[in-house]
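So the protein sequences, as listed, match chains R and X. In this text, residue positions in the first sequence follow my numbering: the first is 1, and each later residue adds one. In this text, residue positions in the second sequence follow my numbering: the first is 1001, and each later residue adds one.
Think of the hints as simulated: they come from the structure by calculation, not from any bench. Be aware that a few hints might be false.
[Said to hold, decoys possible] Which bits of chain X does chain R cover? Going by a derived footprint, with three or more residues having C-beta under 8 Å, they are:
#: 1; stretch: 1010 to 1016
#: 2; stretch: 1020 to 1027
#: 3; stretch: 1164 to 1172
#: 4; stretch: 1178 to 1185
#: 5; stretch: 1188 to 1202
[What the hints assert, rightly or not] Computed Cβ-Cβ distance ranges for the label pairs, DEER-style:
#: 6; chain 1: X; residue 1: I1178; chain 2: R; residue 2: Q7; range: 13 to 21 Å
#: 7; chain 1: R; residue 1: G300; chain 2: X; residue 2: A1016; range: 58 to 66 Å
#: 8; chain 1: R; residue 1: L442; chain 2: X; residue 2: L1031; range: 22 to 30 Å
#: 9; chain 1: X; residue 1: I1178; chain 2: R; residue 2: W441; range: 21 to 29 Å
#: 10; chain 1: R; residue 1: Q7; chain 2: X; residue 2: Y1253; range: 35 to 43 Å
#: 11; chain 1: R; residue 1: F41; chain 2: X; residue 2: A1158; range: 20 to 28 Å
#: 12; chain 1: X; residue 1: H1214; chain 2: R; residue 2: F97; range: 52 to 60 Å
Built from N, CA and C at the ideal position, the CB exists for glycine as well.
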Amino acid sequence: MLFNSFQFWVFLAIVLALYRLLSHRWQNHMLLAASYVFYGFWDWRFLSLVFLSTFVDYWTAVFIDATDSRKRRRTILLASLIVNLGALGIFKYYGFFAAELTGLLGWLGIPASLPALNIILPVGISFYTFQTLSYTIDVYRKDTKPASSFLDFALYVAFFPQLVAGPIERSSRLLPQLVHPRQRRPGDFREGLQHILLGLFKKVVIADNMAVIVNGIFYSDATQLSGAECLVALYAFAFQIYGDFSGYSSIAVGVARWLGVDLMANFETPYFSTSIRDFWRRWHISLSTWLRDYLYVPLGGNRHGNLLTYRNLMLTMLLGGLWHGAAWTFVVWGALQGVMLSVERLAAARGLLRSEPASNASRWFRIIVTFHLVCLSWLLFRAESMTQVWTMLAAIFSDFRITQLAIASFAMLLFYAGPLIAYEAWIQKRENPLTLARLNWLPRSLAYSYCAMMLLFFSPLETNEFIYFQF
Amino acid sequence: MSLSTSSSRKEWRIAAILLALLLACEVSLRLSETSLSPYLRHLHSLPQVSKDLAAAQGLRILFLGNSMIRTDLNLDVFLREINEYDTGPVKPISAVKVYIDDSHIAEWFYTFKHNFLDVGSIPDALVIGFADHQLGDNADTRPRRLARFHASLADIPAMFSNDLLTFSDRAEFLLSYISVSYALRDRVKKRLLSTLVPYYEKSAVRLNDQLWQHELGAEKPVWTFHRLERLAALALRHHASLILVAMPKEDPYDLPRELFLKARQLGITLVDARHVQGLSPRMFADEMHMRPQGALSFSDALADYLAQPLRQVSRARYLTEHPSRASVGGTNPRQAGLQTYTTQP
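So that you can see chain X by itself, here it is in the shape it has in the complex (with noise of 0.2 Å):
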């Protein structure tokens, strides 16, 4: 046997043992996903929540957002209230909840699409629960996220044209679509080095604040609102209201004024839920986050600032389902379910 051959054996043999160990990543990442968090646990019940709202009777509606939604909306409390309310026609009002955790609009737009639109989960209302730069199209993508989660091969065309641009993005994607084991590569990270060093998750959400304000501070970011525009069109054409919700902090937050322009300017209802009465600083476990104390108060609190646009909704819905009640009032139900309730900065 000569050398050469001996030493490219060898390499093959290298070869095959790094790719034996991959293939046991993914394997075991596959079988076990859903434990590395009960975040992702939520994700791999969307299915189940999107046909949940399908089947629900009365009013439906559909929250979405971030970890926000997750921490401080109370549904039950949420329920409770907002069915005391005179909120129109169409009743009991059902809603569910839908959290991504670290998420933004991009991502939103597309769980909406993938994970209700696409199955005909269609709700009433769309509420969007989010806080800063959120809505703006400033915001980073998540191509391994979209992939493994929330788009599927079918919305490679629109989201090439709009969201993932770069070919580093669109090589992400495509890879975290095949891998899981590269798709939730971020949750392992975060998993081991929670396990492994002392205090990281508190270091890691104070070292992300210091780069981020970094960011913001370096240049004044241009605020523009395709995606959010691309949102309200696709909720239009499924004759789902769009309801935006600034949601409270820690510490008061300001909003671009383009984002109240934009709102008016598509006919979206913007609720204005950044400074809540009887929330108080102690309420929130970090800058972000609600105790469960701060959700009661929120979620009550939500339930009155929300039962005004819903009565619309649930009016537009009665009147889209009962065409000749509309001649009698003269209304145009599609205009009836997305009257402007915006507030101003």
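This is chain R alone, in the form it adopts within the complex (with noise of 0.2 Å):
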């Protein structure tokens, strides 16, 4: 069930109403049928791995908590890292390394043929693992307690809002406001409208136009088009991905938050970020937190030396690449947010870079260059393979012809994203995401028509289904 069909927004309807009605209790309970009936709307066979998840991460974090044995806590854990990253591993990365490591052995004369799975990725399965995932070694750190309730955390497990594509909500934030009863806050209807309408436009509005253009060029034969036309298309990319994504982070705040539930932000205004650095600390937040306190910090961060902290940047991407997708374009991507990033920790060690702009021209010149890199590196995110790359690229240094689509592309990217762009710009300024919702009720009314009136005319004749599903 996607957040942009009218199958949710029914669904929806009847949740809340039902909601309404109900105590803390029947709340969660109705909550938890709630999300497995979404979840079960792509594939009810899927649902089994969400239970498995559900039972062994409950299991282990009891018999861990019940026990002051390192050896045995460490033993709990580590069975449950192989069942959760074992169902990751076998649903997502089997196929394709099963491919290449055939490939690998033709290439060394061993004829060899592993069995092909032919199965398909189970959506949400990174992200309810990762999330998982955190809670048990949360519980083996002593960070957390493990959860009373069976149902309550298989609630944390499937909330609806989140289950599909996050953000990644770690349990110490997420399950005491599942467990306690939750009140009717002021300001819950008003600001989750914003974070709604706010995540249909960026979505449905800019994301969903955006892909016409994307795949449109992308589908081309690379060597016909010329570097303005590339260069248009990865600008688009670069608003369809973060449309889509950070529409689906907004609409799923706005729906938890009608629900009476806070989930945090995943995105802050990641284009305006001065560096990669920066924009990383802007972009999927729930992600590169989780990555840095459950890879990047266990591996030793900065605290054994240079090098170390430089191999574990880059390990810490090549895996976050990884996690995207199994394909090579994301490892290389990873590799290559790795090498930006150690880049410019060794800039800033030498004093070539500031850790914050000196000046408002030095800011914008960090900002353009910043997202410049980024859509860079979301050229290998987006292409099919990288001899696509390669030529893409080819085309942007040595062939800059402006011809009709370039213009026309460009144009259209204006006509969708240009709105997004001031308004981010705006609230980066005031420094409050939610500044538009606090405003008078007039210039409120203004921005809201905008948006239902593109809603209304502007969204693409298909529903689309969000990018990070397949991830």
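With the hints as a guide, bring the two chains together.
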């Protein structure tokens, strides 16, 4: 069930109506059932994976908490990691590694054929696997206590607003909100509405319209494209992926808010970042903080000298790339992020790069450079193959013909994404993402009317899935 | 006044402004709908076209299709030429053409039913101009257009069980039935973007073409023709002969073998006009549509192609109206109107 489908809004209306009628305990039972229905709409068979993850992590946390033996705790944690990462590995990575290994063995002259599983990727598996992993690791580290109720924990895993594409919530933040009765707060409706409207605008108006440009150009024969067309396609993809993913997160936050639950902000105006490091503080925050806390820091972080810090950065970003998908383009994308972060760190250590820009001009210069570096990395993210990456890069740097398609695509980009850029520049200045919801009714009416009109007249003819569902 | 009361009043004000704006859009679009495009004017003229067909003398032909019928068929040339042939006992041949841009079999079915059969305007022959995949069941349905122009609430049971199978399509249909703004949103979008974005239409065609080619390449389509079967059955029930014309495009294209087999099985005349002698690529304005010079050439050729099938239709009607002659000749009039004239792939 997609957030941008009619089905979802009928579903949500029923859930909200029931929610208002029920007591806290029954609210949780109803939300759990609704979450399973929500997930089952994609493919009910994959609910078994959600059940498995819930069951395994609930009981491993209980067993870890019940013992003080370090060895025993570690063994139980390992069992949980094997089950969770095993499921993720089979469903997400087996096909990729099997094909690569077969290719490698063939290249070495050893004929081999690993069995193909031909299974589709269960929606949201990377998200809920990381969420449950963080819970078990937190209990192992004694950062959090295990959930006292299995049903509450099941709801923490399956809470429908964030089940399939995050934000990846920590148990310390989400679980208490589910366990304790939720109060109706005065700003819930208004602020939830802002999140939802903005999220729909980003997804339906920006991302889905950019998808037409991006797919149209990326599906073309790359050798026939001009550099300007390739560059506009890259810009369009930057806004497609941002609109798509941040739009989903925003709707998730808004819907949860209507249910009295606060989810973490997953994006904070990332295209106004002044460095790659800054970008990762603002982009997919729940994943980048997860990677920091459960991978980078345990690897040693920056505590063991420069060389090991760079190694840790590279490993973290490589695995971050692989988290997004089983393809070499994602691996190279992750590696590029690691290299850029390392170079930035080196430049900062040598005094070549200040942590904060010295002037407004320098800030804008850094924003533009960072945006273009991010766009460059998006090319790896979107391209179908490394050959396409090289061909498009070559076109950008050697054949910059400004064609009619490039002009039309750029004008559409400005038409759809221009107002969002202006809005984000404004909230960036105000340093409060909820500034709009707190405005007087008249400017708010105008802003909402603009969003509503754009949603009515400029949504695509077909409902498109969210890009991050495939991760 | 409490804080929460004041706050909820503000929320209601915002909702009221939004509602007023939506209503204003609805009213203004209802008033100015036909000025959005000549195509919409054509769709609004369908009741009159239907009346004209019903009132026509002689053998009545309804040409139905998409923008290819709009640009490629010069009705005057066709009528002038066809009436010079020996087209059977019912004379003269009269024809109207109905075109729905970017449409497929689903819309043609409901247009034929809603705008013609349901109002008693029954042609002797329904000539469908198509290309590529447009007769297959794979073609998308367009709930918004169906709701606004080509179907009524009475069509809902058939539509919901055959064509609009998803919740989303059904919701789209109902919303579009209620709201013109919703039904025409793609028209408004196209009109605004054509004004604001330089080279919009040309670029949109190029991008859509790439998307379509990619979609085609992604998986080999399985060809089924249930909608065509339903259209054939509907036409048969009303004694209208169904003739399919595969239209020419700038570049040659393939038709699935299954279509020829299905046409033969249903006893439908399928005229393969993909390759018309004398029609050159420079007679096309784009990949699909002809320039006026191409339309002259094609319409002339089409008269030639349709002369024989229409002679059969004419004879069938004549025999229906004069059953005594049928018994003399020993021919079943219905069968006579439905003889197959199928060109093999």
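### Unsatisfied constraints (hint numbers, rising)
Violated: hint 12 alone.
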